[in-house]
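Residue-level listing of the chains:
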Amino acid sequence: MSNNSANSNNLVIAQKAVKQLRLEASVRRIKVSQAAADLKTFCLQNAHKDPLLMGVPSSDNPFRPPKSCSLF
Amino acid sequence: MAAQEVQPNETLASLKTESETLKTKLEEERAKLHDVELHQVAEKVEALGQFVMKTRRTLKGHGNKVLCMDWCKDKRRIVSSSQDGKVIVWDAFTTNKEHAVTMPCTWVMACAYAPSGCAVACGGLDNKCSVYPLSLDKNENLAAKKKSVAMHTNYLSACSFTNSDMQILTSSGDGTCALWDVESGQLLQSFHGHAADVLCLDLAPSETGNTFVSGGCDKKANVWDMRSGQCVQSFETHESDINSVRYYPSGDAFASGSDDATCRLYDLRADREVAIYSKESIIFGASSVDFSLSGRLLFGGYNDYTINVWDVLKGTRVSILFGHENRVSTLRVSPDGTAFCSGSWDHTLRIWA
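From first to last, the protein sequence lines are chains A and B. If you read the first sequence in UniProt numbering, its first letter stands for residue 1, the second for the next number, and so on. If you read the second sequence in UniProt numbering, its first letter stands for residue 1, the second for the next number, and so on.
Just so you know, the hints here were simulated from the structure itself, not pulled from any lab data. Some hints could be false.
What the hints assert, rightly or not - Chain A is faced by these chain B residues, among others (derived, beta-carbon under 7 Å):
#, residue
1, Phe-93
2, Arg-296
3, Val-318
4, Gly-337
Beta carbons: idealized from backbone N, C-alpha and C, even for Gly.
The whole structure should be built from the sequences, with the hints applied where relevant.
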């Protein structure tokens, strides 16, 4: 491969990297305190609907009762 | 805000300098907003009590390492794939096998259930993702109806249907992710940006819009816009391969599991890592992670055969589950959150509740 084409290849790669970084740098961000508060709120608001968190009575969880319900 | 176009007369040297400057600026901007830790915000939250989670079903039938599994939307069926080339569809309530397909390759690393429940997708060392419609007739040869959808130039590491049976998203050892039309096999969009094998992907919950996250051997987790193919956010804090990524149920964050023995939580709106789930005693890689329905619990399957259950908000481990006799390779919570399933190199799958 000639020196020129190798150089232009590196240039293209570098241009892409810079373009990508510019995009990432322009992302709008919020403070961690705000983001964390929202995560916490979501967890707490949905906690009662979370069967693995709350534990559900055996009658409501299809996996908890024994496999066979035969009486004989 | 669109990114500026790169001027044609910029030299390699100036681009490299700008690259370094932008990276530093990115870190500074992220650091400015890092005013508190997640576990501090969660200090007043009531601690979780003792958990009693046990193996409720053991699915036996694979002849070799289980590599991947997925739940059907009906909350009872499961598809799993194995190193021996077998893909099995189970009824998790009864543990009966409903379908079995033998793939023409070994190491079927990826499998997924279609949203309709009428088909499964799988692939691995064959570098493809194939879709098998599931027949109601148990005697029908599923392999005959197989449809090859995706073609990569290296192994298929993960696949997922989007919110319909019509499109599949794949990730590959060739360093790319791709979106395919199932019917025609046409490539709809490809996603370039990882510098090494992509090992995992997860689609954002449908309410959040058309994005997905991928994790790779380059230690990066990338968030992609499915329409434009653009990587919109990138996170590089893990110290080794990222084996698993999973969105937090609200879509505002995602968790990752890595060979560096940690799981981490990244918030998309704060654009940074907000929690690390680790312990000095945990030295083996995390292969697979998933959240409970409310996002409060993070389940992690590890290469030391255990499953660790983490309090997402407080950053502490609340439970450790034993049972598998080899690495846990895959783990998913059921669609209604009543149970989760783990698959292992010990050839079995376990349902825990």
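Cross-check of the supplied hints:
{"no.": "1", "hint": "Phe-93", "verdict": "6 Å, holds"}
{"no.": "2", "hint": "Arg-296", "verdict": "4 Å, holds"}
{"no.": "3", "hint": "Val-318", "verdict": "10 Å, violated"}
{"no.": "4", "hint": "Gly-337", "verdict": "5 Å, holds"}
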